[in-house]
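> Chain by chain, the residues:
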Amino acid sequence: MFENQQIEQLPSIEELTFKGIPKAYLKVVLIHVFLFFTVAFTGLFLLIRYKLQEEIPNYTSYLYVGVLGVFLLISLILIVGFSRRKYALREKDISYKSGIFFKKITTVPFSRIQHVEVDEGPVSRLFKLASISVFTAGDSSDDLEIKGIEKTEALQIKEFISQQINE
Amino acid sequence: MSSVHRFTEFSKQSPKGILVIYGSLLYKLLKGTWFLFFLFIKGFSKMSEVTLVYIYIGISVVLLLLLLRAFLLYKNFQFKIADNHFVLKQGILKKTNTSISFDRIQNINFKQNLIQQFIKVYEVSIETAGSIKTEIAIKALPYERAQELKRQILLTENPFQDDSEISKEKPLLKISVLELLKVSLTENHFKSLLLFLAVLIGLYQQVKDLVKGLGKTADFDSYFDEGAAVIYGSLILITIFLLLLIVIGVLSSFVRIFLFHFNLTVFIRDQAFEINQGLITKKSILLKKEKVQNITISTNPIKEKLGISFVIFKQAISGKVAKKKHKAIKIVGCKAAQITKIKELLFDTEKLETAEKDYVDGYYKTRMCFRSGIVLFLFNLILYISFEEVTLFLVNMLLIPVFGLLIHLSFKKTFYKFSSDLLLLGSGSLGTHYTYLPFFKVQNIQIKQNIFQERRNIVDLVFQTAAGKIKIPCIKKEKAIEIYDYTLYKVENSTASWM
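Protein chains in written order, with this note's numbering: chain Y, 1 to 167; chain S, 1001 to 1499.
Chain Y extracted, bound-state conformation:
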């Protein structure tokens, strides 16, 4: 029978309870940043040692301080921003929000998903974490990716979405 009941209230994104990313992933993020800056510091050290030492001997310490400052600032932004990364799953769509200065919330309906991917990086693997990405048609750079949820959950979500798509 054809049914078409009037809808009084649409389900709203505002009433959704969002779930945070596991704290362990913050460690992964910080390890990544730390590794990156270790490389950057090594590079800077070599550069100063073999080149800049002679050219601008008075300013080399400022360079270290500058890079250290950037490192601390990025870490701080990531730590504060981390608590803003949240996701939510509904019967028919998946949502993700993030950002401190640039807030963003994205929702992808399951019916438009082309495929789902679960990836785990080498560091994430140590903590049994994974990222889940969904792709829709068209320019997929702006689709949704949830980084650093527990791997078992990521696989569950993937399974759930796959089921919904095939229905």
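It should be emphasised that the hints constitute simulated quantities derived from the structure, not laboratory data.
Here a beta-carbon is modelled for each residue, glycine too, at the ideal position from N, C-alpha and C.
Do not rely on the hints blindly, as some may be mistaken.
To be verified - Away from chain S, derived, C-beta distances all over 10 Å, residues of chain Y: (1) Leu47; (2) Val116; (3) Glu153; (4) Glu159.
To be verified - Calculated lysine-lysine pairs in the DSS-like style (CA-CA distance at most 30 Å, straight line): (5) Lys158(Y) - Lys1448(S); (6) Lys151(Y) - Lys103(Y); (7) Lys104(Y) - Lys1413(S); (8) Lys1469(S) - Lys86(Y); (9) Lys1341(S) - Lys1282(S); (10) Lys1417(S) - Lys1343(S); (11) Lys1174(S) - Lys1282(S); (12) Lys1469(S) - Lys1288(S); (13) Lys104(Y) - Lys1365(S); (14) Lys1476(S) - Lys19(Y); (15) Lys1357(S) - Lys1341(S); (16) Lys1417(S) - Lys92(Y); (17) Lys104(Y) - Lys1490(S); (18) Lys1477(S) - Lys147(Y); (19) Lys19(Y) - Lys1471(S); (20) Lys1288(S) - Lys92(Y); (21) Lys1477(S) - Lys86(Y); (22) Lys1174(S) - Lys1343(S); (23) Lys1471(S) - Lys147(Y); (24) Lys19(Y) - Lys1469(S); (25) Lys1288(S) - Lys1471(S); (26) Lys103(Y) - Lys1477(S); (27) Lys92(Y) - Lys19(Y); (28) Lys1469(S) - Lys103(Y); (29) Lys97(Y) - Lys1417(S); (30) Lys1476(S) - Lys104(Y); (31) Lys1469(S) - Lys158(Y); (32) Lys1016(S) - Lys1283(S); (33) Lys1335(S) - Lys1469(S); (34) Lys1490(S) - Lys1477(S).
Keeping the supplied structure of chain Y fixed, place chain S upon it in accordance with the hints.
This is chain S only, laid out in the frame that chain Y set:
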């Protein structure tokens, strides 16, 4: 349907295809090496006879090798239809086997460049969307075979198609040369000029690279510097230069419009548009109603006076949107009645008429001012660094009012309204654009808010479609959330296929 080709066995294209492939290979070669020819002609008198003989032999060998390559390409290019799939094998050394399911096929287009027109064959290109990145072009098929292939591929989806009646049909739109002149004259010549300059810069880079290879960069640059110095010195020359730019702008508008839209005719058949256009390369496109993701109807003040506008149809594309802009289908010179018909076929716009227009928040203006401010600042910085002449900064007297006007217009023209199924977004600065997007075509939806917007409780709402993004800038958060929820509701409850 007398001599029906069934395509059940692997078959090659028409032997004339060798010629077409050879032509395109030659074209590619010329595009890469035209400057060498220029050098050759310039140095012709200085060369000894022996060198000349070697050069001639070299050229003939290259030409022969290309012909051989064309023949092999032709010989190894075979296709068939099997089990609702289009199957293609190609490649001389590296063999590729491609198979595309019919429902993945978005469009089958016919094209004819000069060679193809001359030897009376059609290039059939098969466009796909989604994750498959293949694009297939069969270079040379006689008209009947091309039609038959198209019919067989589209038949499974659309069994009511019959070609026999086309000739009697009245086209929805037929643009005469006179109308095309009107369209060209009212184009945005500034944009045409920029496009032309972009092509020029591309050529300049190519030449420069070649000259660099020959070790003559200094000469080449000084040649240009001298020229620049002469122009810089004289006010009359600057005026002439500006006039020349205007003429070039107008001319390139004409060339662009005539090249792409010459002899434009549009038919409506079985819920689909058939669009034919082009001067040197004739294109024939069949655009199905359900494949259209969104359309934009645009006009500008002068075109509006003449009652004409152009329409851009956007279809699903895979990969990066910016690179595939040419895939959007544009038709020009539409009158109001034709626009209505196009809209009627695609969507139900009736309810939209009664809907109320909503304008965007004033912060949009502030943001545009801020962004233009940055652009102007950078521009002045560059001026300051590269020239010592103070009078040059007078240019700002012209630029600031122009920017101001554009921002004001852009703010005034940005609005949105929606009916139960359809969103209409107005935009533009000098021109006016109306974008129509059915809610169920949306792929995902996003709300964005920066720290300045947060204070005013406004957000940007971004609809991601298979044909690119559509953004409503700076609207009240409550309103945005309402549309957000509603869009999701429409998408999740629709059973119609978005493609």
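> State for each hint whether it applies.
Consistency of the hints with the structure:
1. Leu47: Holds, since 27 Å exceeds 10 Å.
2. Val116: It holds; valine 116(Y) is separated from chain S by about 13 Å at its closest Cβ, greater than 10 Å.
3. Glu153: holds, 21 Å
4. Glu159: holds, 20 Å
5. Lys158(Y) - Lys1448(S): holds, 26 Å
6. Lys151(Y) - Lys103(Y): holds, 26 Å
7. Lys104(Y) - Lys1413(S): This hinted pair holds, its Cα atoms lying about 26 Å apart.
8. Lys1469(S) - Lys86(Y): holds, 24 Å
9. Lys1341(S) - Lys1282(S): holds, 25 Å
10. Lys1417(S) - Lys1343(S): Given that 30 Å is the threshold and the Cα spacing comes to 16 Å, the pair holds.
11. Lys1174(S) - Lys1282(S): holds, 15 Å
12. Lys1469(S) - Lys1288(S): holds, 21 Å
13. Lys104(Y) - Lys1365(S): Measuring from Cα to Cα gives roughly 21 Å; hence the hint holds.
14. Lys1476(S) - Lys19(Y): Since the Cα atoms of lysine 1476(S) and lysine 19(Y) sit roughly 26 Å apart, the hinted pair holds (cutoff 30 Å).
15. Lys1357(S) - Lys1341(S): holds, 23 Å
16. Lys1417(S) - Lys92(Y): holds, 26 Å
17. Lys104(Y) - Lys1490(S): holds, 22 Å
18. Lys1477(S) - Lys147(Y): Satisfied, since the Cα-Cα distance of roughly 27 Å is no more than 30 Å.
19. Lys19(Y) - Lys1471(S): holds, 27 Å
20. Lys1288(S) - Lys92(Y): holds, 29 Å
21. Lys1477(S) - Lys86(Y): holds, 19 Å
22. Lys1174(S) - Lys1343(S): Status holds; Cα separation ~18 Å.
23. Lys1471(S) - Lys147(Y): Between lysine 1471(S) and lysine 147(Y) the Cα gap is close to 26 Å, so the pair holds against 30 Å.
24. Lys19(Y) - Lys1469(S): holds, 28 Å
25. Lys1288(S) - Lys1471(S): holds, 25 Å
26. Lys103(Y) - Lys1477(S): Measuring from Cα to Cα gives roughly 12 Å; hence the hint holds.
27. Lys92(Y) - Lys19(Y): Distance of about 17 Å is within 30 Å: holds.
28. Lys1469(S) - Lys103(Y): holds, 18 Å
29. Lys97(Y) - Lys1417(S): This hinted pair holds, its Cα atoms lying about 26 Å apart.
30. Lys1476(S) - Lys104(Y): Roughly 15 Å separates the two Cα atoms, so the pair holds.
31. Lys1469(S) - Lys158(Y): holds, 26 Å
32. Lys1016(S) - Lys1283(S): Given pair lysine 1016(S), lysine 1283(S) holds - Cα atoms ~19 Å apart, limit 30 Å.
33. Lys1335(S) - Lys1469(S): With Cα atoms ~27 Å apart, lysine 1335(S) and lysine 1469(S) stay inside 30 Å; holds.
34. Lys1490(S) - Lys1477(S): Holds, at about 20 Å.
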